[in-house]
Amino acid sequence: MNEAKRQSKLSPDEQREARIAGLIVIGLLMFIFEAYLPRPVPWLKLGLANIATLIALYWIDWRAATTVTVFRIVIGSFFAGGFLSPGFFLSLSGGLLSIGLMALMHKSGIFGILAVSVAGALAHNFAQLAVAVTILFDNDVLWYLWPYMVLTALTTGGVIGWISHVLLRRLAADFESL
Amino acid sequence: MSVLFKPGDFFFFALLIGVTAFSFQWLFSQDEPVTSAVLEVEGEVLYRFDLRRQGEIAIDALPGVDFSVGQGSIRIKHNTCQRQICVKGGAIASPGESIICVPQKILLYIPANERSKAPVKIITG
Numbered sequence: 001m002n003e004a005k006r007q008s009k010l011s012p013d014e015q016r017e018a019r020i021a022g023l024i025v026i027g028l029l030m031f032i033f034e035a036y037l038p039r040p041v042p043w044l045k046l047g048l049a050n051i052a053t054l055i056a057l058y059w060i061d062w063r064a065a066t067t068v069t070v071f072r073i074v075i076g077s078f079f080a081g082g083f084l085s086p087g088f089f090l091s092l093s094g095g096l097l098s099i100g101l102m103a104l105m106h107k108s109g110i111f112g113i114l115a116v117s118v119a120g121a122l123a124h125n126f127a128q129l130a131v132a133v134t135i136l137f138d139n140d141v142l143w144y145l146w147p148y149m150v151l152t153a154l155t156t157g158g159v160i161g162w163i164s165h166v167l168l169r170r171l172a173a174d175f176e177s178l
Numbered sequence: 001m002s003v004l005f006k007p008g009d010f011f012f013f014a015l016l017i018g019v020t021a022f023s024f025q026w027l028f029s030q031d032e033p034v035t036s037a038v039l040e041v042e043g044e045v046l047y048r049f050d051l052r053r054q055g056e057i058a059i060d061a062l063p064g065v066d067f068s069v070g071q072g073s074i075r076i077k078h079n080t081c082q083r084q085i086c087v088k089g090g091a092i093a094s095p096g097e098s099i100i101c102v103p104q105k106i107l108l109y110i111p112a113n114e115r116s117k118a119p120v121k122i123i124t125g
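Going down the list, the sequences are from chains A and B. Be aware that the first sequence starts at 1, since it is given in my numbering, and climbs by one per residue. Be aware that the second sequence starts at 1, since it is given in my numbering, and climbs by one per residue.
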């Protein structure tokens, strides 16, 4: 197995940067692709871009995952419009809480990637809802969306976690770790 | 490297399923008759719709947005916004349901835990 792994001429630091840059691009492509998918309700999203974050977390570390998430949200807002708009801050708060919780659960070592991914989706939804309730709309009625958000996080987080798992296995077979 | 399941997952998913079941039970226990919907823009109540009536309504203070009311439900029929998420979302008809437009800071919702209040005059368009 080891003989088949690709040898890199880059130093570990350069490899790390290259991997982060690649994952930012993949996250952005996922984000743009998803923007074209129909959304029946504004809060329902598959979260394909989270694949890049999860891979960064497992393949590199939590700092890399944070970098990938923040760059994807900032650059994504240049493409889709809305840099520093209310929607931008919704994404950023969701992204940051999500990566925080996923990193803690990953570090604990007692949760599998499916649970980590579902927790990330939940944290993402929770942060967005909290920002919407307290800052954007200042109305508690939005908490009524929460049960539906838990249910969708369970499904979308599960799908994203499984896809990331398959890709990570593939990466582990093809590349040396840093 | 990534592993699909680990021992801690059992507790995580058990807790999650419990929370989901509890929150839906709470949600479906809200069964008051629906008589009105509230429109807020940037945190200010702009309008209160009477859902016992039927018709299309335009609000002077919110040009470009048309509402369609009928049989205890309300939806945004037309909006000049770019992504049309509020329009595609369809109608709301239960207490606690809402339609939101983040860019325009529009929040349209059916209030829960509240008896119907007298709606302000209806402007039919």
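Warning: the hint list may mix true and false statements.
Once the Cα atoms are required to be at most 20 Å apart in a straight line, the calculated SDA-like pairs of lysine to any residue come out as [stated by the list, open to error]:
(1) A:K45 / A:S11
(2) A:K107 / B:M1
(3) B:K6 / A:A130
(4) A:K45 / A:P147
(5) A:K45 / A:Q7
(6) B:K6 / A:T155
(7) B:K6 / B:I17
(8) B:K77 / B:A112
(9) B:K105 / A:L154
(10) B:K6 / A:L104
(11) A:K45 / A:R169
(12) A:K107 / B:A91
(13) B:K77 / B:S36
(14) B:K88 / B:R75
(15) A:K45 / A:G109
(16) B:K77 / A:A103
(17) B:K6 / A:D138
(18) B:K6 / A:R169
(19) A:K45 / B:R83
(20) B:K6 / A:F89
(21) A:K45 / A:L29
(22) B:K6 / A:A80
(23) B:K105 / B:A14
(24) A:K107 / B:R83
(25) A:K45 / B:V87
(26) B:K105 / A:A103
(27) B:K77 / B:K88
(28) A:K45 / A:S108
(29) B:K6 / A:P147
(30) A:K45 / A:D61
(31) B:K105 / A:V70
Pair ranges (Cβ atoms, derived) [stated by the list, open to error]:
(32) B:Q71 / A:G109: 52 to 60 Å
(33) B:Q71 / A:F78: 50 to 58 Å
(34) A:F33 / B:Q30: 47 to 55 Å
(35) B:A58 / A:D138: 22 to 30 Å
(36) B:G64 / A:L29: 20 to 28 Å
(37) A:D138 / B:Q82: 20 to 28 Å
(38) A:W162 / B:Q30: 29 to 37 Å
(39) B:Q54 / A:G22: 49 to 57 Å
(40) A:W143 / B:K88: 18 to 26 Å
Please keep in mind that the hints were generated in silico from the structure rather than gathered at the bench. All values reported here derive from a predicted model rather than from experimental measurement. Glycine residues also receive a C-beta, built at the ideal position from the N, C-alpha and C atoms.
Verification of the hints:
no.: 1; hint: A:K45 / A:S11; in the structure: 38 Å, violated
no.: 2; hint: A:K107 / B:M1; in the structure: 12 Å, holds
no.: 3; hint: B:K6 / A:A130; in the structure: 30 Å, violated
no.: 4; hint: A:K45 / A:P147; in the structure: 15 Å, holds
no.: 5; hint: A:K45 / A:Q7; in the structure: 38 Å, violated
no.: 6; hint: B:K6 / A:T155; in the structure: 18 Å, holds
no.: 7; hint: B:K6 / B:I17; in the structure: 17 Å, holds
no.: 8; hint: B:K77 / B:A112; in the structure: 23 Å, violated
no.: 9; hint: B:K105 / A:L154; in the structure: 28 Å, violated
no.: 10; hint: B:K6 / A:L104; in the structure: 15 Å, holds
no.: 11; hint: A:K45 / A:R169; in the structure: 25 Å, violated
no.: 12; hint: A:K107 / B:A91; in the structure: 43 Å, violated
no.: 13; hint: B:K77 / B:S36; in the structure: 17 Å, holds
no.: 14; hint: B:K88 / B:R75; in the structure: 9 Å, holds
no.: 15; hint: A:K45 / A:G109; in the structure: 28 Å, violated
no.: 16; hint: B:K77 / A:A103; in the structure: 43 Å, violated
no.: 17; hint: B:K6 / A:D138; in the structure: 39 Å, violated
no.: 18; hint: B:K6 / A:R169; in the structure: 16 Å, holds
no.: 19; hint: A:K45 / B:R83; in the structure: 14 Å, holds
no.: 20; hint: B:K6 / A:F89; in the structure: 34 Å, violated
no.: 21; hint: A:K45 / A:L29; in the structure: 15 Å, holds
no.: 22; hint: B:K6 / A:A80; in the structure: 38 Å, violated
no.: 23; hint: B:K105 / B:A14; in the structure: 37 Å, violated
no.: 24; hint: A:K107 / B:R83; in the structure: 39 Å, violated
no.: 25; hint: A:K45 / B:V87; in the structure: 17 Å, holds
no.: 26; hint: B:K105 / A:A103; in the structure: 32 Å, violated
no.: 27; hint: B:K77 / B:K88; in the structure: 9 Å, holds
no.: 28; hint: A:K45 / A:S108; in the structure: 28 Å, violated
no.: 29; hint: B:K6 / A:P147; in the structure: 26 Å, violated
no.: 30; hint: A:K45 / A:D61; in the structure: 25 Å, violated
no.: 31; hint: B:K105 / A:V70; in the structure: 24 Å, violated
no.: 32; hint: B:Q71 / A:G109: 52 to 60 Å; in the structure: 54 Å, holds
no.: 33; hint: B:Q71 / A:F78: 50 to 58 Å; in the structure: 44 Å, violated
no.: 34; hint: A:F33 / B:Q30: 47 to 55 Å; in the structure: 37 Å, violated
no.: 35; hint: B:A58 / A:D138: 22 to 30 Å; in the structure: 25 Å, holds
no.: 36; hint: B:G64 / A:L29: 20 to 28 Å; in the structure: 33 Å, violated
no.: 37; hint: A:D138 / B:Q82: 20 to 28 Å; in the structure: 24 Å, holds
no.: 38; hint: A:W162 / B:Q30: 29 to 37 Å; in the structure: 34 Å, holds
no.: 39; hint: B:Q54 / A:G22: 49 to 57 Å; in the structure: 56 Å, holds
no.: 40; hint: A:W143 / B:K88: 18 to 26 Å; in the structure: 23 Å, holds
Of the numbered hints listed earlier, those contradicted by the structure are 1, 3, 5, 8, 9, 11, 12, 15, 16, 17, 20, 22, 23, 24, 26, 28, 29, 30, 31, 33, 34 and 36.
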